[in-house]
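Participant: Sequence:
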Amino acid sequence: MKLNGFVIIMLMGVLLVGSVSCLASAASKPTASDVPEGWSLSNEEPFGTYLESDGTQWGLVEYTNSDDSNFVQIYYGNVPRELIDHETDPDFLIARAIVETKTFEPDETGNMIASGQIAGYTKRYDSDSDWYEMDIVFVLESACIDIYTIYDATPEAEAQAMSIINSISF
1 MKLNGFVIIM
11 LMGVLLVGSV
21 SCLASAASKP
31 TASDVPEGWS
41 LSNEEPFGTY
51 LESDGTQWGL
61 VEYTNSDDSN
71 FVQIYYGNVP
81 RELIDHETDP
91 DFLIARAIVE
101 TKTFEPDETG
111 NMIASGQIAG
121 YTKRYDSDSD
131 WYEMDIVFVL
141 ESACIDIYTI
151 YDATPEAEAQ
161 AMSIINSISF
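The sequence shown maps to residues 1 to 170 in our numbering.
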């Protein structure tokens, strides 16, 4: 009887270690295939550079417009626990976007399509700077994408930022 209990405990330990290692596996680095003129890759940080208190690890790919300092920061990481089995659930994606919105109080939250995927977003208009600030969260393949972007409040600037966001792939 003691041997059976020992075997069960060992099997549970192996399963726990296996599941933790799956959660910690490296996420692939995304790229954007439609980078408008004047924009360029301005920063890259490898997966694992950023770590949240819930254990979620992130890397970063950033594109910046040198003419006006608009930017799109693409954080990529493992799918956070609360999104597992809810990767396309609009409400869960909005909730995660709200969690990731750390630098501003949103005026608007909702869903959109980003890079062909259902996404949750938060958005704020800053009248002093005349720009929009957004956080967008979606799951692409097996990675979570969290985008933080600031762009001038013009249709052209929004189209440029969205062209990068909509062309993200692995």
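What the hints contain is simulated information worked out from the structure, not anything from laboratory work. This structure is a prediction, so every number in the text was calculated from the model and none was measured. There's no promise every hint is true.
So the derived label-pair ranges between C-beta atoms look like this [said to hold, decoys possible]:
{"no.": "1", "residue 1": "I113", "residue 2": "A153", "range": "27 to 37 Å"}
{"no.": "2", "residue 1": "D54", "residue 2": "P155", "range": "34 to 44 Å"}
{"no.": "3", "residue 1": "I84", "residue 2": "N111", "range": "15 to 25 Å"}
{"no.": "4", "residue 1": "G55", "residue 2": "P90", "range": "21 to 31 Å"}
{"no.": "5", "residue 1": "I98", "residue 2": "E141", "range": "36 to 46 Å"}
{"no.": "6", "residue 1": "G48", "residue 2": "S127", "range": "32 to 42 Å"}
{"no.": "7", "residue 1": "A153", "residue 2": "I84", "range": "14 to 24 Å"}
{"no.": "8", "residue 1": "G110", "residue 2": "D85", "range": "21 to 31 Å"}
{"no.": "9", "residue 1": "E82", "residue 2": "G38", "range": "13 to 23 Å"}
By construction, the Cβ of each residue, glycine as well, lies at the ideal position given by its N, Cα and C atoms.
Participant: Now, for every hint given, state plainly whether the structure supports it.
Facilitator: Here is how each hint holds up against the structure:
no., hint, verdict
1, I113 / A153: 27 to 37 Å, "22 Å, violated"
2, D54 / P155: 34 to 44 Å, "37 Å, holds"
3, I84 / N111: 15 to 25 Å, "19 Å, holds"
4, G55 / P90: 21 to 31 Å, "25 Å, holds"
5, I98 / E141: 36 to 46 Å, "23 Å, violated"
6, G48 / S127: 32 to 42 Å, "38 Å, holds"
7, A153 / I84: 14 to 24 Å, "36 Å, violated"
8, G110 / D85: 21 to 31 Å, "22 Å, holds"
9, E82 / G38: 13 to 23 Å, "37 Å, violated"
Violated hints for the displayed structure, listed by number in ascending order: 1, 5, 7, 9.
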